[in-house]
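Enquirer: The whole structure should be built from the sequences, with the hints applied where relevant.
Number of protein chains: 2
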Amino acid sequence: VLKRDYAGQDCPIAQTLEVIGDRWTMLIVRDAFLGLRRFDEFHASLGLSRNILAERLARLVDEGILQRVLYNERPPRYEYELTKRGLELNVVLTALRQWGEKYLCEPRGILRRRSDRKRAVAAIVQEGTPAISAHDLELVPVGPRRMSRGK
Amino acid sequence: VLKRDYAGQDCPIAQTLEVIGDRWTMLIVRDAFLGLRRFDEFHASLGLSRNILAERLARLVDEGILQRVLYNERPPRYEYELTKRGLELNVVLTALRQWGEKYLCEPRGILRRRSDRKRAVAAIVQEGTPAISAHDLELVPVGPRRMSRGK
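Keeping their order, the protein sequence lines are chains A and B.
Residue numbers for the first sequence, in my numbering: 19 to 169.
Residue numbers for the second sequence, in my numbering: 19 to 169.
Everything labelled a hint here was simulated from the structure, so no lab data went into it.
All of these numbers come straight from a predicted model, not from anything done at the bench.
What you were told as hints is all true, and nothing was included just to trick you.
Lysine-lysine pairs mimicking DSSO-like chemistry, simulated, CA-CA at most 27 Å apart:
| # | chain 1 | residue 1 | chain 2 | residue 2 |
| --- | --- | --- | --- | --- |
| 1 | B | K120 | B | K136 |
| 2 | A | K136 | A | K120 |
| 3 | B | K120 | A | K102 |
| 4 | A | K136 | A | K102 |
| 5 | A | K120 | B | K102 |
| 6 | B | K136 | B | K102 |
Quick list of simulated restraints, FRET-style, between CB atoms:
| # | chain 1 | residue 1 | chain 2 | residue 2 | range |
| --- | --- | --- | --- | --- | --- |
| 7 | A | K120 | B | P94 | 30 to 38 Å |
| 8 | A | K102 | B | G53 | 29 to 37 Å |
| 9 | A | G65 | B | C123 | 28 to 36 Å |
The C-beta atom is built at its ideal place from N, Cα and C for all residues, glycine as well.
Expert: Next up, the structure:
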C-alpha cells in the first residue's frame, strides 16, 4: 500500500527514493564507494541475508547504478562496480554523512581531494563552481578518539 | 529484524538513515522545504493516512528536524517549521532531486539563489567554497514541456 500511494509522488525526489530509498540499498552504495566490490565483501560488511543482498544488488544493476564485471572465468565470478550514474550518487551520500557527523555521531572519516588533500564538503553552490569528482575524492578514516590520561 | 541488524551499521550514513531514511519522512521534509506547514497541507500533498502522518511528524519533532509553532490559541493549533538542523538537510534533498532530474525524469523546478537568481546546484566542493544557505534558495516550478507542433 505504501508503495502504490508513494509512487503517486512523482517528483524527482520521490522517484530517486523509489530507486535507492531502501536503506540497505543506500548502504550497499555506500560500501561500493568505500571500495567493496565482491558479494562476500558486501555480505561481511552489512550482515544482511544473502537473499536480500542478492536481490538488492540485482536491482542496483537493473537501475544502472552498479555494473557486473567478470573477474574469474572458471567458475564465472563477478564483481560489482559503480557506473557513472552510480558515482554521481556521491553528493547524496556525502550530504547524508555530513549531516550525520554534525548531528548524530563523531566523524568517522575525513573527505578530501586526493590530488592535494584539501578537505571537501557537500554544499549548495552557484552553478559553475568547480566541483570535485568522485574519482578525485578519498575518505580517510579517523579512529575513535582516545582519552589521553586518566579515564 | 531489519531494524536491529541495521542499527549495527553505526556509521553516520546509517544513523542519518535511521532518522530520515523512511521515505514518507523524506517527503514530509521535502514538503516542508516547499513551504508546507500545516498538518492538513502535508496530508493533502502526500495522501498518506492521518495516523502515519501524525507519527512521522512527531518523530521529526523528537529528532529536532521540525518544531511545532502555535498559530491559533483557541482551539490550540500548531504548524510545523524546519529547525536549523532541518534546514541543513537541504543538501541531501537537493542532491536527491538533482540526481532524479538527471536520470529519472524531467526537471520540475529550477533551484536558484533568491538574491540574484543565479542557478544553484548540490556538489562536492573544496571546504571554504561559498555556499548558498537554505534561506537564500528558491525552487521555481517549471511546467511539463508541451509539444510545439504536430505530435
